[in-house]
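> Here's the letter readout for the chains.
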Amino acid sequence: MTIHATECLLRLHDEHYELEDYQSGVPRWCTGCGDNAILAAVQRLCRDEELRPEKTMFVSGIGCSSRFPHYMKTYGFHGIHGRALPVAEGVKMSRPDLNVFVNTGDGDCCSIGAAHWIHGIRYNMNMTVMLHDNQIYGLTKMQASPTSPRGLKSNTTPRGAYLEGLNPLTVTLGVQNVSFVAQAVDWIPEVLYDIIRAAYHHKGFSFVRILQRCPEWLPKMLDPWVHDPLKINLLHHKNGLTLSPNISKVYRTQEEHDPSDIHRAREIASELDPIPVGILYHDPHVPRYEELRNAGQQRSTRFIKAGFEAELDKFTVWPAADAKAQTGA
Amino acid sequence: MQVELQAHIAFHLTGRIPQGEGDALARSDLQPALFAGYRDLTGLRYDFPLVLVADDKQPVLSLSALLDGAAKVVAAKDDGERARKHAVRLQREIRKLIAEGATATLFKLCDLAIERLANSDEQLGKSLKDLRAALKKDGEVIDCDKAMPFRMVQHVWKGLQEQKAQKARAAINALIMKLSDILSADFGHSKEGMSAERLQAAIGSAHRDAFDFAAMSRLLTETTINVPMAESRRQRIRSLLSTLRAQRFFAPAVDGDKRIGVGEPYSFLFENCTEAVAAYRERLPKMTELAKAMAMARLEADGEYSEARHDAFFAGFGDNGLDADDIAVFPDYLVCVNTNDLRAAETDLILRAFAAGMPVKLAVQTDDLLEQSPIRDDYVVGGLRGRQLASSAIGLGLPYVLQAASSGLYQLREQIARGLAYRGPAVFSVYSGANGGSLQPYLVAAAAAESRAFPAFTYDPSAGTDWASRFSLAANSQVDVDWPVQRFDYEDADQQLVSENVAFTLVDFAACDPRCGKYFAKVPRAKWTADLVPVAEFLTREPGDLAEKVPCLLMVDRDNQLQKVIVNDTLVGEARRCVEAWRSLQELGGVHNSHAARLLEQERKALAEQAEAAAAAVAAAAASQPASAPVAAQAAPVVASSTAAAPAVVEAAPEKSSDDPYIETSRCTSCNECTQINDKMFGYDANKQAFIKDLNAGTYRQLVEAAENCQISIIHPGKPRNPNEPGLDELIKRAEPFL
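Here the protein sequences come in this chain order: A and B.
Under numbering that gives the first Met the number 0, the residues of the first sequence are numbered 0 to 328, in order.
Under numbering that gives the first Met the number 0, the residues of the second sequence are numbered 0 to 738, in order.
Honestly, the hints are just simulated from the structure, not real lab data.
Among the hints, a few may not be true.
What the hints assert, rightly or not - List time: in silico BS3-like cross-link candidates among lysine-lysine, alpha-carbon distance up to 30 Å:
| no. | chain 1 | residue 1 | chain 2 | residue 2 |
| --- | --- | --- | --- | --- |
| 1 | A | LYS54 | B | LYS107 |
| 2 | B | LYS692 | B | LYS718 |
| 3 | A | LYS72 | B | LYS71 |
| 4 | B | LYS177 | B | LYS135 |
| 5 | B | LYS732 | A | LYS248 |
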């Protein structure tokens with residue numbers, strides 16, 4: 000038996016983290032990219048919540064957004080396209096003690112990863128999912144994504160996109176076991192931070208869609224909303240976000256919305272203009288898959304060895320008698 | 000199973016281990032489970048060692064705090080992460096040196112540690128030397144050992160005495176100067192003072208021949224109206240001067256002030272109460288004389304001394320003892336005594352001295368809490384002498400009292416300083432934990448504090464008039480429960496994580512001491528049954544509920560293997576007594592106070608009765624008027640509408656002049672647009688949001704470009720500062736939308 004050191008009796012001097020403790024490398028995102036704002040907000044969250052870097056994990060798929068783990072000085076997993084959520088679920092299942100964050104993009108989550116997304120919501124495992132939605136494929140130089148608005152001209156839709164963009168909020172709110180849905184925009188950093196913090200504190204699958212600007216491929220698309228504060232509908236409630244006086248003064252379109260009201264949440268989710276920003280839905284009582292399945296059993300050496308043996312046994316040529324014994328025949 | 004249980008119960012009740020059952024505790028091997036992880040204290044960043052520095056405000060600092068401070072200074076210039084890590088390594092090395100027995104000042108220890116760490120790594124050596132250079136304060140480094148409590152108290156006391164002495168010296172010097180001036184002025188006006196020789200002596204030799212001093216003297220003596228000072232006053236001033244000069248209470252300042260302190264200065268540090276009281280008694284006349292001299296000198300210096308009024312008063316000065324203001328000027332007596340040397344007569348004497356108002360500070364150190372029982376061949380957890388003294392002192396009401404284990408002294412440093420500066424007697428009762436056992440004194444002391452065997456408290460009569468403001472238990476952990484409870488994680492045989500809440504009880508404290516070994520018996524793992532219940536739980540159960548249960552303790556051996564030991568009833572009884580004592584302390588400290596609880600219960604009852612009566616009255620009224628029952632009263636409260644509500648408080652935005660450039664930092668999205676243009680002009684703050692770092696590091700053109708590029712238009716370029724910048728007209732036009 001090994002005993003972990005406990006902190007009692009002694010008054011140990013606290014470790015305090017600075018923003019730099021979570022910064023790793025210079026982001027390769029374009030200058031002006033909204034991803035930078037999300038990164039700064041997440042690093043602030045880690046510092047303010049004093050998340051221990053070795054206990055924190057960022058999982059991503061493929062895309063501009065998915066470079067995120069490279070810029071965090073924590074553990075990270077830059078996965079394969081569309082599969083950020085399954086990887087994160089695996090991590091959570093085997094290590095429920097880790098703080099798991101998922102960074103995914105509108106292509107990664109809503110196109111190739113859509114099935115995982117739906118089931119990820121249903122599983123309701125404790126993780127914070129940030130959907131960086133810039134409504135375009137930026138890394139591959141401007142192709143329409145599922146959330147691109149109808150009529151958007153891109154390299155794959157030179158005559159304009161034929162379909163209405165998918166609305167990630169209404170989709171998420173339509174799935175069983177949904178427990179936390181919020182929307183943020185990258186250009187109001189204070190509210191972005193507050194929303195991500197609320198999402199982090201929710202014990203369950205916290206889905207935050209973050210509308211972000213792509214200065215390279217869609218430089219002017221969100222300008223009407225960026226430059227007119229009245230076109231942002233801030234949701235506030237005593238059980239949701241509380242707005243600071245400074246924010247209230249600038250963003251005057253506001254609505255008091257109780258995050259436990261899923262019907263009103265679905266109505267708000269369908270509104271496109273003004274853009275709703277805030278916590279749409281929150282239910283802390285939805286059961287979590289990792290709890291239902293008693294996740295987090297540490298693997299004993301015996302268990303791991305048995306697993307290895309079983310894998311190797313698949314390739315073993317058994318003498319006829321032994322093979323019988325093996326198959327139990 | 001039944002057999003094992005019987006054996007366990009037999010041991011619990013009788014202390015005898017039946018043949019073949021259980022296992023006598025291999026003593027030196029086991030430690031309380033919560034101590035796992037503290038085998039090597041040198042690797043932990045805790046309060047000790049301490050550094051005693053010459054500083055009036057913070058005379059005691061922790062090594063960690065000092066080095067962390069230095070690392071912060073270095074980190075500001077250089078690679079922060081590295082500097083911090085190096086500071087931690089340096090700390091560990093210094094802790095190791097001290098554990099090996101090194102005694103030196105901080106700077107010397109630093110140098111030694113750097114030598115050991117950096118013998119192969121030049122880079123590291125340089126970095127550590129930077130750290131060392133950033134350390135501003137030197138002082139003795141002391142670990143938590145037997146000598147620590149007295150050294151710490153004496154250090155703080157010396158600092159306070161020096162401050163007091165400085166003040167007193169300045170006052171005495173000023174009085175001596177003024178009195179001397181009075182005498183010399185008187186002499187200057189006398190015939191001798193104006194004699195030709197005197198006058199000549201007063202002039203420099205260069206012009207000595209230019210004057211006729213005899214004529215000058217004649218003129219002066221004839222023309223000045225000469226009223227000589229009364230002889231009695233002259234005598235009085237002379238005697239005052241000699242008293243002030245001969246005082247021995249305040250040593251002359253180190254920088255060589257020769258005017259006072261002619262005699263050998265008194266020492267105020269004593270090793271036993273008898274000597275201190277005797278010295279006080281012996282010096283009392285001198286003290287009265289000096290206080291009287293100072294009071295008289297003050298009057299003389301101001302020319303207000305009137306013989307008719309003051310002579311009688313000063314003749315009887317000090318007959319009724321000195322008043323508090325007079326005493327406060329004089330040094331305090333500090334007695335540092337170990338309870339082993341504290342005889343009953345001494346305790347009695349010092350308590351009477353306290354009651355008489357002698358300004359003595361008494362530090363009492365207990366090294367061993369286990370005491371031989373007077374009635375059996377047994378040990379009891381006591382430390383009675385120190386504790387008795389503390390509680391008797393509280394009973395007197397006047398003295399300041401502090402009790403603590405040495406592990407908590409750093410946290411209580413301000414309270415110690417407060418007690419030493421207190422105008423009146425003070426008692427500091429400290430348990431050092433240095434009982435000669437194999438465990439480090441720090442751990443033993445911490446265990447005593449944690450297990451309520453030696454709880455910490457302060458009683459400060461100067462803080463107020465009632466117990467709530469005078470008495471504080473705040474230095475204890477988890478004040479509102481019987482035993483502090485800690486989370487304890489371990490892995491079981493299948494390497495699965497198990498978390499338990501483990502209470503640290505008096506029995507755990509006793510288990511640290513080999514002398515209590517006979518009260519414990521190790522139970523082999525095969526015999527761990529559900530009948531073994533933790534001591535804390537055992538103590539809370541009703542005696543009738545305890546049949547077939549045996550109290551046990553979680554302990555770990557050298558290899559951190561978890562063990563269970565069962566506990567003899569003797570110790571359980573001790574623990575019961577200990578928790579009783581703790582509960583009465585809690586009541587004094589206002590936690591679960593029975594009087595308050597009783598009062599609360601009464602008030603609640605009265606309120607409930609009132610509410611009932613009111614409800615009955617309303618019901619009676621309603622019954623008499625059934626038709627006119629107000630409907631509105633039953634309506635549900637109006638639900639707040641979901642329309643946009645203007646926030647109640649709107650912070651007034653600071654008025655910005657449009658001439659000065661600025662950034663709305665809180666709205667910045669950290670997108671790097673401006674820092675790419677000029678990273679000397681624009682920088683990020685601690686939240687990674689942009690601000691104007693240095694306006695002079697760039698041009699107005701760059702400000703305007705940054706404003707144009709900023710995606711959310713939060714950069715306001717203001718008016719140009721340099722009127723000679725080329726292309727200004729165009730730039731001003733471009734800047735207009737962003738002003």
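> Against this structure, judge whether each hint is valid.
Now the hints, each set against the structure:
no., hint, result
1, A/LYS54 - B/LYS107, "violated, 39 Å"
2, B/LYS692 - B/LYS718, "holds, 17 Å"
3, A/LYS72 - B/LYS71, "holds, 21 Å"
4, B/LYS177 - B/LYS135, "violated, 40 Å"
5, B/LYS732 - A/LYS248, "holds, 29 Å"
When each numbered hint is compared with the structure, violations occur for hints 1 and 4.
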